[in-house]
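Number of protein chains: 2
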Amino acid sequence: MVYRYSESPLICPEDIRPFDDRFEVIGVFNPGVTECEGKILLLMRVAVRPKQREGYLSVPVLHDGKIEIMTLDKADYDCSDSRFAVAQDGSRLLTSMSYFVVALSEDGITFRVDSERCILPSEDLEAYGIEDPRITYLDGQYYITYSAVSEYGICAALKRTRDFKMYERMGVILHPDNKDVAIFPEKIGGKYYMLHRPSTSEFGKPEIWIAESDNLTQWGNHRHVAGVRSQSWDGVRIGSSGVPIRVPEGWLVVYHGADADDTYCLGAFLLDAEEPWRVIGRTDEPIMRPELPCEREGFFSNVVFACGGIVAGDTLRIYYGATDKFICGGEVKIKDIMEVMKR
Amino acid sequence: MVYRYSESPLICPEDIRPFDDRFEVIGVFNPGVTECEGKILLLMRVAVRPKQREGYLSVPVLHDGKIEIMTLDKADYDCSDSRFAVAQDGSRLLTSMSYFVVALSEDGITFRVDSERCILPSEDLEAYGIEDPRITYLDGQYYITYSAVSEYGICAALKRTRDFKMYERMGVILHPDNKDVAIFPEKIGGKYYMLHRPSTSEFGKPEIWIAESDNLTQWGNHRHVAGVRSQSWDGVRIGSSGVPIRVPEGWLVVYHGADADDTYCLGAFLLDAEEPWRVIGRTDEPIMRPELPCEREGFFSNVVFACGGIVAGDTLRIYYGATDKFICGGEVKIKDIMEVMKR
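Going line by line, the protein sequences match chains A and B. Going by the working numbering, the first sequence opens with residue 9, and the numbers climb by one from there. Going by the working numbering, the second sequence opens with residue 9, and the numbers climb by one from there.
This is chain A alone, in the form it adopts within the complex (with noise of 0.2 Å):
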């Protein structure tokens, strides 16, 4: 259903430059998507480790608010998941880091990266990195939503910003662990609502919530809204994978779910306008499957995860990570999605 533009992969680990030369760029993924200056900014997670030595490990860390390199005796860590580095007393390092870097287009297809204008890891609860950030447009500043990762977990904290040059840290807004946050663009009913998605729990799943505002800083009023479907492609996770749509029918929400294999695809749902705590339709099947090679295999094979998109008139342009490795585009007719979604 979704159109993939024939250019993709868009953007590749090879068209980044490292924020420091000690590092190299393993995968450029999962952006953040809006418009901004007349162009389509993309707000890119870019991931990096250390180069590495033969027989040694090195790995990054954060050390007072600065990205340093640990270099570990390889013998003494498990590195059959790549991702990560564990411990004899089963502690784990990880072994990339990632932060976000812009970049700018002017037909939505052709993007300069500006490694330049990144934003790194620079507090405690981000010592591992900073992860999948999504954009808000709302009352004229840029809202961004990302996961903070650290030894105390995956929180989720905010940052504001009128031109992606200067930010302000508005702080965590969640407490581990949670991911997938997005903020809608608008109030409703004079209250502030995001979408997001608590990742690990005794009893619960990793599902989608809603929680209110005020103020965007602080929330309350934790709603439950959206379940995974057992046995089905969104059978294990689901989560937010950008911004809710306005759309006639109410508010569209594109998410990612997976399934016991880790394949991740995108699907929708639907949320009524004025109580957005109420799915009134989801998609059966998703809109989109990895298929492509590059989102097939990469770093992590089998994923399609987006953070956002583009309205463009009745057309949806989504951005979005391949593999943990690669940024993709390709678009949609809204009325595409409406059609399968099932009321």
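Hints were generated in silico from the structure; no laboratory data involved. Heads up, a few of these hints could be off.
Claimed, not checked - Capping the alpha-carbon separation at 30 Å, the derived lysine-lysine pairs in DSSO-like fashion look like this:
id, chain 1, residue 1, chain 2, residue 2
1, A, K199, B, K167
2, A, K167, B, K199
3, A, K213, B, K167
4, B, K213, A, K74
This one's a predicted model, so the numbers in the text were calculated from it and none came from an experiment.
Following the hints, position chain B against chain A.
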């Protein structure tokens, strides 16, 4: 260090009449504590389970806001952990359900249980019960934080009351999983604060965090406050065991800690008066360990677990749950805690 009242346990399961005769009371424990109408008031967690029939397993379920009994074939479930009935697909039902009952005392030793004066679970996010209330008297009302447990996870919820007869619902204030929420009894620097304990995390541990609010229902600026201490009595999980107490040196927090054997003890730490996210002292050793027979053997062995206390002059009176079955009481001089606090 804590002097136990010789009358302990002060309240036992047989002192409670269940809200419905088809149930039996299996535990009364972990009470919220406050003063009301010149008396000491306990808001007690009461755990009930359906009376059982041979060969069947009856479990409590919430249906249309009412507690009903579901009867299952015992052969289909694994009941080796008495708290759960585990189906073959791994899904779990709780064998008991908790709600809250008021007890009042004039002398702090003899309590009159008012089994009719109770709070029952009533909504979807409370379908497995409500647990471990903590009470903060603030701005002329009593604020009750508690765990709301359901298939969606363990949330922190808030109610307020003037009289422990009529309650105002203030919603779920923290998404799953979170427990051990305690609101500070006054504003600090113009903001409300609460301690909380995210319970599950991919990287983090069950440790104590703080959040701030302008209105008590919406919370933000989450920060990590105090961690576990590996190999120690508080090496696996910790949580606030009551409302912070203003002392000349700062905020005194009694907390519970568990080790790898699931032995629960009480300790204390001290927070800065003006910056309550900063720990400025902590006891090395517990101020209380399970010692009495009723603290060692009951429903869950070797547990002392408090949700609150009463300050009377230079003394802290603690009413605490023992082995998830009884309520006991004791008292300690605040200066005795402060003397063993490592600064």
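message: Which constraints among the numbered hints does this structure fail? Numbers only, ascending.
response: No hint contradicted; all consistent.
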